[in-house]
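J.: Now for the letters of each chain:
Protein chains: 2
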Amino acid sequence: MAPFVLTSVLLSLVAVYLVSKLGGEVSKRLGLPPVLGELVGGVVVGVSALHFLVFPEAGATASDSLLMGILQVLGNLDNESIQHIFQSQSEVVSVLAELGVIILLFEIGLESDLRELGKVGYQAAIVAVVGVVAPFALGTAGLVLLFHTPVIPAIFAGAALTATSIGITSKVLSELGYLKSTEGQIIVGAAVMDDVLGIIVLAVVASLAKTGEIDLLNVLYLILSASGFLIGAILLGKFFNSSFVAIAEKLQTRGALLIPAFTFALVMAVIANLIHLEAILGAFAAGLVLDETDKRKELDQQVMPIADILVPIFFVTVGAKADLGVLNPAIPENREGLIIAAFLITVAIVGKVITGWTVFGQPNINRLAIGVGMIPRGEVGLVFAGIGSASGVLDKPLEAAIIVMVILTTFLAPPLLQFALKRNENATPPDDGGSPIGLDSVPPTELVAIKD
Amino acid sequence: MAPFVLTSVLLSLVAVYLVSKLGGEVSKRLGLPPVLGELVGGVVVGVSALHFLVFPEAGATASDSLLMGILQVLGNLDNESIQHIFQSQSEVVSVLAELGVIILLFEIGLESDLRELGKVGYQAAIVAVVGVVAPFALGTAGLVLLFHTPVIPAIFAGAALTATSIGITSKVLSELGYLKSTEGQIIVGAAVMDDVLGIIVLAVVASLAKTGEIDLLNVLYLILSASGFLIGAILLGKFFNSSFVAIAEKLQTRGALLIPAFTFALVMAVIANLIHLEAILGAFAAGLVLDETDKRKELDQQVMPIADILVPIFFVTVGAKADLGVLNPAIPENREGLIIAAFLITVAIVGKVITGWTVFGQPNINRLAIGVGMIPRGEVGLVFAGIGSASGVLDKPLEAAIIVMVILTTFLAPPLLQFALKRNENATPPDDGGSPIGLDSVPPTELVAIKD
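Protein sequence lines correspond, in order, to chains A and B.
Going by our numbering, the first sequence opens with residue 1, and the numbers climb by one from there.
Going by our numbering, the second sequence opens with residue 1001, and the numbers climb by one from there.
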């Protein structure tokens, strides 16, 4: 390892913690979800403002990075070595961010209840399917009819509209203490299925963009492997549960409970990854399975500090990578994109909000909150934009429009979801003290310490 | 980030946790310190055996890595992309290992008591100085007189003999519950000072190897900056303590206590790094400072799970990088090195063990344990060997001899230290339940949960 790689990672982490804590606290005091502040904090250090934390995927080089500039002066480094450090730092921070969202979904899985999730399974499935079909159809048709976009790029943009960021939506739910409410469980269930559907949609449009045809075999493979994985994880989980507790009780060295649990989450993440699903789905499934054990509470408490240090890296990175420059109407070439974006955003919101009214058999449910909970496109939407851009299918204005849509839905969703949840007091009451994730102001270990 | 980088890191972590838990548990059941098992687990997956986890610093390429071979088959990847993944995976795992030893030293700092450490400061200083001078003088003189080694390589080998691995020795102390004993505090204090002295020695021999002269200005700068840093940290700490508690109490979002503490540790690590000290010294100083606050216990409890998942990465990596091939006497070219190694090991042990008898004013102290606690050379010794090898000063047999010395002192020290501590019951009794690090079989959160 080059000597300054560690320094650059440590400095990146310091920046992440400073802006995420500052942003989170300000957001909280403004009555908004803390995660919004973490995203905004990321924007402040990222490509849109300070350029302290930038990433090579978006075309940045070491000379675009304020952090690298500082290191170059401090360490008296030449351009070649700083370029190498920049690459390594970006890779390490990106992996840490991925570990962050993996641990977040593991924690969300631990907080979710498999039986509760099962009860709302059908409703969640309908929400997910409508939330994919409606924005896709509306978006694609609208672009072709209103903007005379060619069919293939229009399909691509429509596909980008289908995504839901499970990370952002579940984080807001847990921050507000609504994760275990019926609405919360429907949203989480639908977001998970949406993630699977999104991967299938992505595979379809990617092969369409590459070859002009749909690779039906691949689609079938994805559907089968995804369903197989989720069902398999839950069935295997029933069996693994008891062996997990037996293993944890036999171990005599430190981390007796945490290490087997964490290893299980990582193994599930790897399996999901290898069958072309997202790693976070594996971690979520692992959390769901371990939630069934009687070690749940203790495990929750040990996972929390790890989530506390890793999850902010994910949200700050999402913010840092969002280039708000495309939002500036003063730049003439942005204008065409912004008009398309206005259309895409309308579809993005309407196409998801209506899903709340597809929920049957729950007369008193907060339908608006469910629909709003599906709005944020987050990192999944950016993946679509990235693949579209790389394949050359999207022209500049359409690509910019997709990015604007992703950014705005991501940043608007946390306050909108909070508004929707708090406005309608017909909703199931928020979680009680049983959920450590919900207790934002007082960490449970502090509660325990007080009881002690 | 290339798509398979995350998979490769996740698989590396799974391997790390499997072998470290397995090794630790077996070691514990054999009555040996768990960390020895983690090191041996690292050897099993590393360059000496399975080649699952290998690192490019030692000259390995992707084709030497079993993990990369597996990934190449699973992902159907070409040689160029697998080489890129290998580089990224090695960088990420190395940084995670560094974060592991940083958090370990932060935890050791939190467990250490500044006042207790101050009480044994003089004794620790003498142990550190004798532990540097004796092995250096004996080793250099012996190589020149007995083996007719030229002076500069002999000085280099002598310098490699001065190191003490604070990570390994403090981990064993905490595992056995002796960290807070007088012996434990003398060893930790001396190991910290030894680290500072080691860096100065390293700077001297490196400039000697490069230019044939000693850069006195640089040496003076290092001595001043090191003393300035440690004294400054402690003075600033007194002031930071109260502001730290005030900040933590004002924060309302998750990680209110942990994130400011962790950020402080990282900032201190960066500062240490930038003034050419080791990052771990900064983390240790940060831990010492925060140990003075009344949030100590709570912080301890939250740092523990983070240490549980990061620290094993460090020890497994140390084991994985140790090439035991140089120990094989069946290979003729190893023999000359092994004879020199036998001499170096004798000096390495004798030169450190005698330091126990320099401790004054403590009639009932376990002198053998203190000396033995200074034996492991660990990663610091390997750094010397690496720099010597890179500068071309060392011939093959001498380089191999240094590596053998480092490996054997590292692997022998944990069982020897346990033997020395348990044999002599004159020693201060081991830590009571106050030290969570010492409680190996029952994690404190489990205790809390039972009380609940």
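Do not rely on the hints blindly, as some may be mistaken.
[Said to hold, decoys possible] Reference excerpt, derived from the structure (chain A facing chain B, CB under 10 Å, subset only): (1) 14; (2) 61; (3) 89; (4) 116; (5) 144; (6) 145; (7) 146.
[What the hints assert, rightly or not] Below 25 Å or equal to it, Euclidean Cα-Cα: the simulated SDA-like pairs (lysine to any residue) are: (8) B/1422 - A/251; (9) A/210 - B/1243; (10) A/28 - B/1243; (11) B/1250 - A/251; (12) B/1297 - A/78; (13) B/1210 - B/1122; (14) B/1210 - A/252.
[As the list claims (entries may be wrong)] Not close to chain B: a few residues of chain A, all C-beta gaps over 10 Å, as computed: (15) 18; (16) 51; (17) 98; (18) 115; (19) 129; (20) 154; (21) 236; (22) 245; (23) 269; (24) 292; (25) 302.
Please keep in mind that the hints were generated in silico from the structure rather than gathered at the bench.
Bear in mind the structure is a predicted one, so any value in this text is a computation, not a measurement.
We treat Cβ as the ideally placed atom computed from N, Cα and C, and that holds for glycine.
J.: Does each hint fit the structure? Answer for all of them.
T.: Comparing the hints with the structure gives:
Because the smallest distance between the Cβ of residue 14 of chain A and any Cβ of chain B comes to about 5 Å, under 10 Å, the interface hint for this residue holds. A least Cβ separation of about 16 Å between residue 61 of chain A and chain B goes past the 10 Å threshold, and the interface hint is therefore violated. The closest approach between the C-beta of residue 89 of chain A and any C-beta of chain B is roughly 9 Å, which is under the 10 Å cut-off, so the hint is satisfied. Restraint check, residue 116 of chain A versus chain B: the minimum CB separation of about 23 Å is more than 10 Å; hint violated.
With its C-beta approaching chain B no nearer than about 32 Å, residue 144 of chain A sits outside the 10 Å limit, and its interface hint is violated. Because the beta carbon of residue 145 of chain A sits about 36 Å from the nearest beta carbon in chain B, more than 10 Å, this interface hint is broken. Given hint, residue 146 of chain A at the interface with chain B, is violated; its Cβ is 35 Å from that chain's nearest Cβ, farther than 10 Å. Taking the CA atoms of residue 1422 of chain B and residue 251 of chain A, the gap is near 23 Å; set against the 25 Å cutoff, the hint holds.
Between residue 210 of chain A and residue 1243 of chain B the CA atoms are separated by roughly 58 Å; this puts the pair beyond 25 Å, and the hint is violated. The suggested pairing of residue 28 of chain A with residue 1243 of chain B holds, with an alpha-carbon distance near 21 Å, which does not exceed 25 Å. Using a Cα cut-off of 25 Å, the hinted pair residue 1250 of chain B and residue 251 of chain A is violated, with the two alpha carbons roughly 39 Å apart. Note on residue 1297 of chain B and residue 78 of chain A: the hinted pairing is violated, with a Cα-Cα distance of about 45 Å set against a maximum of 25 Å.
Taking the CA atoms of residue 1210 of chain B and residue 1122 of chain B, the gap is near 35 Å; set against the 25 Å cutoff, the hint is violated. Note on residue 1210 of chain B and residue 252 of chain A: the hinted pairing is violated, with a Cα-Cα distance of about 49 Å set against a maximum of 25 Å. Distance check on residue 18 of chain A: its Cβ comes as close as 7 Å (rounded) to a Cβ of chain B, failing to clear the 10 Å threshold; non-interface status is violated. Even its closest Cβ contact with chain B, about 19 Å, leaves residue 51 of chain A beyond 10 Å, as expected for a residue assigned away from the interface.
Taking the minimum C-beta to C-beta distance to chain B, about 5 Å, the non-interface status of residue 98 of chain A is violated against the 10 Å cut. Non-interface status of residue 115 of chain A relative to chain B is upheld: no Cβ of that chain comes within 10 Å, the nearest being about 23 Å off. Every CB of chain B lies more than 10 Å from the CB of residue 129 of chain A, the least distance being 27 Å, so the non-interface label holds. No beta-carbon of chain B is positioned within 10 Å of the beta-carbon of residue 154 of chain A; the least distance is around 27 Å.
With 10 Å as the threshold on Cβ separation, the claim that residue 236 of chain A sits away from chain B holds: the shortest Cβ distance comes to roughly 17 Å. Every C-beta of chain B lies more than 10 Å from that of residue 245 of chain A, the closest at about 13 Å, which supports listing it as non-interface. Against the 10 Å criterion, residue 269 of chain A falls within the reach of chain B, whose nearest CB is about 6 Å from its own CB. Annotated as non-interface, residue 292 of chain A keeps its C-beta farther than 10 Å from every C-beta of chain B; the closest such distance is 18 Å.
Residue 302 of chain A, annotated as away from the interface, has a beta carbon of chain B within 10 Å; the closest lies near 4 Å.
Of the numbered hints given earlier, the model fails hints 2, 4, 5, 6, 7, 9, 11, 12, 13, 14, 15, 17, 23 and 25; all others are met.
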